[in-house]
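A.B. asks: Could you build all of it, start to finish, from the sequences and the hints given here?
Protein sequence lines correspond, in order, to chains A and B.
Its first residue numbered 0, the first sequence is counted upward by one per residue in numbering that gives the first Met the number 0.
Its first residue numbered 0, the second sequence is counted upward by one per residue in numbering that gives the first Met the number 0.
I should point out that these hints are in silico values taken from the structure, not numbers from a laboratory.
Covered stretches of chain B (in silico footprint by chain A; criterion: 3 or more residues with CB under 8 Å from a CB of chain A, positions within the stretch not fixed):
(1) 3 to 16
(2) 69 to 78
(3) 86 to 93
(4) 108 to 122
Beta carbons are placed, not taken as given, at the ideal position from N, Cα and C, and that holds for glycine.
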Amino acid sequence: MDHKTCNLDQSENLIFHIDELLKKSIEQKEISPQVIECFDKLAKDFEEMGNVFFNKFDQKMMDQIITFGAAITTKDICLNLKDNLTNAKMAHQNPIAAKRILDRDYLVFIRLIIDSLKNIYDSNKIENECFVTLNDSIRILIKLSKEDAIYKEDRILFSNKEGEEILVKVLNETNELISEL
Amino acid sequence: MISAKLFFETSVILGAAQYKLLESNNYLKMDIEKGLISKPERYKHSYELIEYVMKKKGELDPFVSYGVKREIRNLLQKKEQLEKKIIEKLKLPKRISKLPIEDKKVFDYLLFQIFFVKFPSITYDILDQFGSIAVDDVSVEGLRDELFSKIFKPLKIRQDYLIDYFERKGVNEGFLIKDKDYPEYQNLKKLLEPFYKFGNYKKINDLRILAEAIYCYNKMKDELKITPTFYFVSCDHIFIPFRGSDDQTFFKVHNEIKAYYGLEPITPKEFLLRASSTD
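C.D. replies: Here it is in structure tokens:
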């Protein structure tokens, strides 16, 4: 299958490369600038993936929310990891930060997300197994990064008031729907 | 202090999770004026009750059935469930059709964070605090059939008969409107909604969950050789007592469940009130 349009294969290869670079960093007790660049590249790839899925599922809102949301959330986590490595390098804690990423299996869960997105991209739909793997992996990544104090949530904004008003109505209706479950 | 067994039903756990979500600082990642998003009181009480019973474990024994755990996990882990029960009903495509693309992306991202990350995480955290009890499916189905025939069927027959009678008389609802004057039939119309909506009582999951609670209660009586004080904690209109204008609680279904089976359906608010008066 050709995943070039959304960088899925490229991102998968990048994960293996990051794995090698982290191991090397631990051996050499210094994080190479390349591993930081790789996380930055991975974040950009996930942002692009998000846009590809946003357009691909233009007519399927649920699928659009899941794939776009998953890709952008993973992008944020990759940026958090990049910042963490950068800060650790500056504070000369290099091996610890690199070792933690490997020991805590961050790359394994990012890889699972890529696998799930590949499956969705190929099949044009979200099978339940993919849905569970995708969401579980993201929740675990967020949990890990919160525990490791590297998780940051940036404030976001709508460009105009209308988006905010719709969101408020939707959330209030969600309250009612949960009551009916 | 009340000493009791508390069977928590699905709506209480989901309500508590929703309250915790609405209370969390990073709920939306954006600054929306406080007060615009409603926080239903029953969700607050659900959350407070769970906090309370977890602190009082030993005196209070909170638990759920496997059926409740399964129902919640199905909602969070089966795409179709969440899609059918929440996302589709929000009619999102039509609502956001006029937003600029960048705002649609913000919208998608926030909904993903809410429905697929934060709400499930909080719900699992709450659910994991509860022990669960396995039930025998055949016995539970028998109890569900009995519940329907003893308690709900007579009420439905009365309702059907009255609807038919007043239709023939050319009066829209007639006597049914006056049910508010007969305390034990208050809110009967709302209570019976699921029976009309689903057509078949076997499709009403709430009834099955109550049957599971009755099964657990009977099993505990057998095993403990005593009759424990047992509450079925629920926010569902189908079971809970409503308060009348003179602030007395009355509700035929609630009273009959208590009389026939010995356990009491109770709202989180009512339990907290009783607990605070005995603490």
